[in-house]
Amino acid sequence: MLLEINDLKVSYGKIQAIKGISLNIKAGEIVTLVGANGAGKTTLLKTISGILKPAAGVIKFDGKDIQGIAPHNRVLEGLCQAPEGRGIFPGMTVLENLEMGKYARKDWKSELSEDIERIYTLFPRLKERQSQAGGTLSGGEQQMLSIGRALMSRPRLLLLDEPSMGLAPMFIQQIFKIIREIQSQGVSILLVEQNAAQALSCANRAYILETGNIVKEGAGKDLLNDDAIKKAYLGTGA
Amino acid sequence: MDFSILWTEFFGLTLDGIVVGAIYALVSLGYTLVYGVLRLINFAHSEIFMIGTFTSLGLSIVFGFTGLEEPLGIVLFLLVFLVMALASGIVSGMSAVLLEFVAYRRLRRRGASRLSSLISAIGASFFLVEFYRLTTESKDWDFPRMLSKDPIFSISSAYFTLDKIIILLGAFGLMFGLDRIINKTRLGRGIRAVSQDEKTAILMGVNVDRVISFTFLVGGVLAGFASTFYMLFYESTKFNVGFLLGISAFTAAVLGGIGNIRGALVGSFVLGLIQQYSSVVLGYNWRDVVTFVILVFVLLFKPTGLFGEALQRARV
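In the order they appear, the protein sequences are chains A and B. Per the working numbering, the first sequence starts with residue 412, numbered consecutively. Per the working numbering, the second sequence starts with residue 31, numbered consecutively.
You may find that some hints are simply not true.
With a cut-off of at most 27 Å between alpha-carbon atoms, the simulated DSSO-like pairs for lysine-lysine come out as follows [claimed, not checked]:
1. 214(B) / 538(A)
2. 425(A) / 229(B)
3. 420(A) / 229(B)
4. 229(B) / 538(A)
Keep in mind the hints are simulated off the structure, nothing from the lab. None of these values were measured; they are calculated from a predicted model.
With the hints as extra help, turn the sequences into a complete structure.
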């Protein structure tokens, strides 16, 4: 098991945002977490990355409890996140943003150009824009940059927070295609999405999150055909 | 008001404005870098500069140069000056790191409001000033003239003396070095990342505490070098030397757009020139009044400084 979460609880002050979640991700899987706004999806990702501290529960990565590992050191464990809102460094060029993906390694300059080339193969658009400031890119380009930057750290588990948010349909198709391509390169993915139709058809397995609880889990394709889910998330009720 | 002197002395005033601006620039970088990563005005930064001036002065006493009558030979001078600048840089740099550790870090860990940090900054500043007031007997300390101030060459009314040339070369060298550090080294990239988006920086593996310490170190070292340049140029220091210089450097940083490195540099030279020009037109005593008026007007009417919104977003 690559990621194992057991009975996780997270609170903001007195408000409990996550009320005891258990989930797991096997190596090589795409697992998606689908839920409405405020269901606790981003909270969960922030807790896995260490930005938020859980009130209770265990997070194991590759069999190891990561609670004691400082947030900035979790990248070295093989966990990297493309955050909600993309988190592009606006004043850095595209190339510098990508290089930030290797910041965690003291030897970040070794094999740097190979890693950059790898990302440019996946996102040729970024190469065209490489000396442009990150803040001047379009939303879709920023999303590519955000994912590309996370991949620079050579993660074993990639955490994606709403990669399709605010993007034109053409870009959404492209992003999901690339997510599958990343999986084929051996990276596991935890995908948080509001766009349930795309996320479920892309994922191996899925969890449905409602107000801090997991209410359903199963194979992505099965949930895609589940009547209750169709009604609540896909807007195509039977 | 006498404008005619402005025209006859124009080149000389311009040269001095640039020299003074170069010293401001090195100090204002410390304000702007720290503001970038912490969104905090480090009001004790002027005291970091003051500590540097006393480090240079202390060395001149240790070397036995007090009351020096003949200037040193150029080679010996450069050697001595380099030792002084390095020592001041190290002492100021370490003091700045210590300051952050004592006055800010615990507050930050506890998630204290920015106002608390500001008060802590002012408290640290008072502590340092009073400490130096007591240990230096509140008096003016003269720095020996180790270098002849006869002009090497002149352009109209601008007399290029060795000290001005050394300050200009040194300051531009340091600015260039800072540019390399910020843009090419790992910790420099960390400073930029934390300035632009702290949360994402953590996700990329940036150790924010370490970056903050490094920022204070860089700012302190620059202020230390600036203090040795200052001593060479003005040849005197006092426990409160940091106050007016700090206000000028801070005004320069605000004028350029606080948090913006290029802004701090441009703001410093602009302020240095304005001070020189206005002090002959209005009288030297008005120099600091002009500085304060600029500070108040920038804060009132253009808080983003000369470089405005666009560069403000593209911080550091």
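Each hint tested on the structure:
Between residue 214(B) and residue 538(A) the CA atoms are separated by roughly 20 Å; this keeps the pair inside 27 Å, and the hint holds. At most 27 Å may separate the alpha-carbon atoms for a hinted pair to count; residue 425(A) and residue 229(B) meet this at roughly 23 Å. Annotation: proposed proximity of residue 420(A) to residue 229(B) holds, straight-line Cα distance about 22 Å (limit 27 Å). Only pairs whose Cα atoms come within 27 Å are accepted, and residue 229(B) paired with residue 538(A) is accepted, the gap being roughly 26 Å.
When held up to the earlier numbered hints, the structure conflicts with none and fits them all.
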